[in-house]
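Undergrad: Each chain, written out:
There are 2 protein chains.
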Amino acid sequence: MFDLIIIGAGPGGYEMAERAGHRGQNVLLIEKADLGGVCLNHGCIPTKTLLNSAKHYVHAKEASAFGVTTGEVSIDLKKVMAWKQEVIQTLRAGIAGLMKKSKVTVLKGEAKFIGPGKVEVDGEVHEGKNVVIATGGSPFVPPIPGADQEHVMTSKEILNLEELPKSLVVIGGGVIGIEFASFFSSLGVKVDIIEMLDEIIPFMDRGQAKRFRAALRGKVDFNLGCKVTSIDGNDVKYTDQKGAEQSIHADIVLMSVGRVPNLGNMGFEEARLDFDRKGIKTDDQMRTNLPNVYAIGDVTGKSQLAHSATRMGEVALNTILGKADRFRTNAIPWAVYSMPEIAGCGLTEKQAKEAGFNPESATLPLMMSGRFLAENGKKGPGQVTVVKDANTDVLLGVHMFGGYSSEIIWGVAAMIEAELRIQDIQEIVFPHPTVGEVIRSTMFSF
Amino acid sequence: MFDLIIIGAGPGGYEMAERAGHRGQNVLLIEKADLGGVCLNHGCIPTKTLLNSAKHYVHAKEASAFGVTTGEVSIDLKKVMAWKQEVIQTLRAGIAGLMKKSKVTVLKGEAKFIGPGKVEVDGEVHEGKNVVIATGGSPFVPPIPGADQEHVMTSKEILNLEELPKSLVVIGGGVIGIEFASFFSSLGVKVDIIEMLDEIIPFMDRGQAKRFRAALRGKVDFNLGCKVTSIDGNDVKYTDQKGAEQSIHADIVLMSVGRVPNLGNMGFEEARLDFDRKGIKTDDQMRTNLPNVYAIGDVTGKSQLAHSATRMGEVALNTILGKADRFRTNAIPWAVYSMPEIAGCGLTEKQAKEAGFNPESATLPLMMSGRFLAENGKKGPGQVTVVKDANTDVLLGVHMFGGYSSEIIWGVAAMIEAELRIQDIQEIVFPHPTVGEVIRSTMFSF
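Taken in sequence, the protein lines are chains D and X.
Going by our numbering, the first residue of the first sequence is number 200, and it counts up by one from there.
Going by our numbering, the first residue of the second sequence is number 200, and it counts up by one from there.
The shape of chain D in the complex, shown without the other chains (with noise of 0.2 Å):
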């Protein structure tokens, strides 16, 4: 008889897997394939890693502009997916270390729910006083002829091509689609995007999606309210804004039009779990609906994010173990690693207005500082976006791009959840010459 029994070893199972075992608890993790879930194995981290050594690339071949003189750069695909496979190899080798550290019992198999307190593994019955689903999501592959060619993939098998394609298609312009647009594309790769909305990523302030778009210009064309209709061979048919029929060759066709929960074949019906295709329903205890029986991550579809999935594994933990906490999502850092990165934590301007606040914004250029200035040149492109409530001067969101925006934004995280108002946050003293010194200064113009 196990404390815990958690499904899947992702970020939310593998580290509350951890978390529970430092705090005395007898734990069973079970995975039915590799120790990190999909962020180690086929996301968040493969793909920061092929985009450090785009980085790598872009700033050999940027660096006569500060007075570095390089040869040739050129990019070997097979060594970048090698080190990529070694970053992925080395990680999981230090979660395995931990889970032994903590006195994890990892079990390798396909799971399946046969109701609180009960999962089979490979025939056998394991018991737990808790359960924990955390059986993440998968790529979504839309049902449109000809997806299912070989040259079509999903995130998951374009990070083993070891050859550059000379023309690429991004089916959808949500957070993957922009990193694999960004790496392809700084690599020399023709680049286009397809997305059916009006604007790419849903959840990143409209100015600064236009803004970041017109930064990428000459690298990614973007085609947006166009909705793919068929992919016939390497072309890839779509009717445009206007209704008109188009076509773009390509070499690859990346599929990443959203993610799905990992709902299936694991005795989820049977055992009157409740969900729906959106994922496992939950209270923001990370309660399902069965005695005992929690969900956390992609699988409740609350939030696709890692760290989400990480603080969702840390509520359910404390619930089991009568520590008061809750799922709260008005506080969650995002960040794109493209060139430029994207970054954002709370409301933007439009949905603080949906969510009945008296929203008031203002923006100014990273180019504010001088440390930007004189890391991109004076063309380089970013901006933060400060969103205040006007009734009670409250902070409600920090949006940018440029810089290091993915390594700043988690301080507005700190300041949201700590509810500070901006002539708070006017007296705290940011380091100078910083970029992140722009979110100070811009609390300043309003």
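Since the hints were derived computationally from the structure, they do not count as laboratory data.
It is possible that part of the hints are untrue.
For identical chains, the list gives no copy identity; a pair is met inside one copy or between any two copies.
[To be verified] Keeping only pairs whose Cα atoms sit at most 30 Å apart, straight-line, the calculated DSBU-like set for lysine-lysine is: (1) Lys-307 x Lys-577; (2) Lys-277 x Lys-299; (3) Lys-522 x Lys-549; (4) Lys-299 x Lys-355; (5) Lys-260 x Lys-365; (6) Lys-389 x Lys-577; (7) Lys-260 x Lys-278; (8) Lys-426 x Lys-549; (9) Lys-277 x Lys-260; (10) Lys-278 x Lys-389; (11) Lys-522 x Lys-299; (12) Lys-522 x Lys-300; (13) Lys-277 x Lys-577; (14) Lys-355 x Lys-522; (15) Lys-260 x Lys-578; (16) Lys-277 x Lys-552; (17) Lys-549 x Lys-355; (18) Lys-299 x Lys-578; (19) Lys-311 x Lys-278; (20) Lys-299 x Lys-577; (21) Lys-441 x Lys-418; (22) Lys-577 x Lys-302.
Since we're looking at a predicted model, the values are computed, not measured.
Following the hints, position chain X against chain D.
TA: For chain X alone, kept in the frame of chain D given last:
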């Protein structure tokens, strides 16, 4: 009659002038040299621009680890310096534009403080309701025999080098010394640091300082506990820890043993302003002993950081305008832009003990971050140390080196200002995968 006369247009003076103008004050800003002060013209900005070039050089050289080949990489110091100069000019023009926009009168000339309300420039007396002294500081050159030779430079002159020396001796292992040592050593110059104390950077966590030095092994030689006695031609002579006489040959010697406030020949003594060799004395609202006379920035000796000067200017302005404010020093972040970067905010464990807390600290390597591994390879140096008060669980400080430390640290200032406890911070979501999230992981290792 002006509302406000500010002497000195560094980051203390010009930012205060801008904000005062923005709030309707009629401001006179007096500067004897260039807008932007030491920070822009001979300090933060030029050094960061040089270090950005050095980073491009080093990254290009190391790119093969990530699948990128570059041919031979070289750096042209003349071009580096030209770009540095362009950055300075651009930012100076930016400040001039800001002053115009804020309707600040800028006067070039040497100011003489006559007394409350009266400042003379070139024989003309200007009157203002309030006077702010923001005259900054200068490098201290100790009276060492031979220190007056042309190849013995301060941080000001060394910024105009047009050719790389073969060897450099840096006297003083503080922030300025470390940044120049990092810059020159990364470009292949043989660099020795001679430091009188037994460790570099006094306000850095002692354990981290040691590890940081280890990370520079083979690039910079550290001679700690050593006292320079003379500079005999190109030979820097010093007494080592054991009292033995030693000598190091150096093409160039950088004198970076500290800075002193600019107090001379400006009428301070005659006007009976209260100051000593450490600086002008003020209360924590930046008031001096004279009515309606304030002092901010390096000249106060309170905190020799550009962002501290800016903050002091804001406090002085709020005080003048009758808004409650106070210059607090418990949450001022600082950063060193070396390779690897160093940053900190709040107390180290040692400082916390001295301040009467019951501190407890936890440390994790940055290698915990998948992004850090992907971008720095398996040997990338870096770590985070978190200090809390064991009695109250309140965060006291975070110190780190490696990765994007300089851009990550600001959020710590926000957390310390908000007086968050470790258990509060554990509920804040950091984005994954970032280097910054190691701060969060460290919160869980108590």
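Undergrad: Please go over all the hints and tell whether each is borne out by the structure.
TA: Verification of the hints:
In the homo-oligomer, the alpha carbons of Lys-307 and Lys-577 lie at most 30 Å apart only across protomers (27 Å), although the nearest pairing inside one protomer, at 53 Å, exceeds that limit. Within a single copy, Lys-277 and Lys-299 get their C-alpha atoms no closer than 33 Å, and across copies no closer than 55 Å, so neither meets the 30 Å cut-off. In this assembly of identical chains, Lys-522 and Lys-549 lie within 30 Å of each other by CA distance neither inside one copy nor across copies; the values are 35 Å within and 33 Å between. For a Cα distance limit of 30 Å, the shortest separation of Lys-299 from Lys-355 inside one copy, 28 Å, qualifies, whereas the shortest one across copies, 55 Å, does not.
In the homo-oligomer, the alpha carbons of Lys-260 and Lys-365 lie at most 30 Å apart both inside one protomer (20 Å) and across protomers (27 Å), since each shortest distance falls under that limit. Taking the shortest alpha-carbon separations for Lys-389 and Lys-577, only the intra-copy value of 26 Å comes in at or below 30 Å, while the best inter-copy value is 33 Å. In the homo-oligomer, the alpha carbons of Lys-260 and Lys-278 lie at most 30 Å apart both inside one protomer (19 Å) and across protomers (16 Å), since each shortest distance falls under that limit. Taking CA atoms no more than 30 Å apart as the test, Lys-426 paired with Lys-549 passes inside one copy only; the shortest distance there is 25 Å, against 62 Å between copies.
In the homo-oligomer, the alpha carbons of Lys-277 and Lys-260 lie at most 30 Å apart both inside one protomer (20 Å) and across protomers (19 Å), since each shortest distance falls under that limit. In this homomeric assembly, Lys-278 and Lys-389 come within 30 Å of each other (Cα to Cα) only inside a single copy, at 21 Å, whereas the closest approach across copies is 33 Å. In the homo-oligomer, the alpha carbons of Lys-522 and Lys-299 lie at most 30 Å apart inside one protomer (25 Å), although the nearest pairing across protomers, at 57 Å, exceeds that limit. In this homomeric assembly, Lys-522 and Lys-300 come within 30 Å of each other (Cα to Cα) only inside a single copy, at 24 Å, whereas the closest approach across copies is 54 Å.
Only between protomers do Lys-277 and Lys-577 lie at most 30 Å apart by alpha-carbon distance; the minimum there is 19 Å, versus 35 Å within a single protomer. Neither within a single protomer nor between protomers do Lys-355 and Lys-522 lie at most 30 Å apart by alpha-carbon distance, with minima of 38 Å and 57 Å respectively. In the homo-oligomer, the alpha carbons of Lys-260 and Lys-578 lie at most 30 Å apart both inside one protomer (16 Å) and across protomers (26 Å), since each shortest distance falls under that limit. Taking CA atoms no more than 30 Å apart as the test, Lys-277 paired with Lys-552 passes in neither setting, with 48 Å inside one copy and 52 Å between copies.
Taking the shortest alpha-carbon separations for Lys-549 and Lys-355, neither the intra-copy value of 33 Å nor the inter-copy value of 48 Å comes in at or below 30 Å. Within a single copy, Lys-299 and Lys-578 get their C-alpha atoms only as close as 50 Å, which misses the 30 Å cut-off; across copies the closest is 23 Å, which meets it. Taking the shortest Cα distances, Lys-311 and Lys-278 never come within 30 Å of each other, neither inside one copy (39 Å) nor across copies (65 Å). In this assembly of identical chains, the alpha carbons of Lys-299 and Lys-577 lie at most 30 Å apart only when taken from different copies (21 Å versus 51 Å within one copy).
When the C-alpha separation of Lys-441 and Lys-418 is checked against a cutoff of 30 Å, the pair qualifies only within one copy, where the shortest distance is 24 Å, while the shortest distance between copies is 61 Å. Taking CA atoms no more than 30 Å apart as the test, Lys-577 paired with Lys-302 passes between copies only; the shortest distance there is 26 Å, against 54 Å inside one copy.
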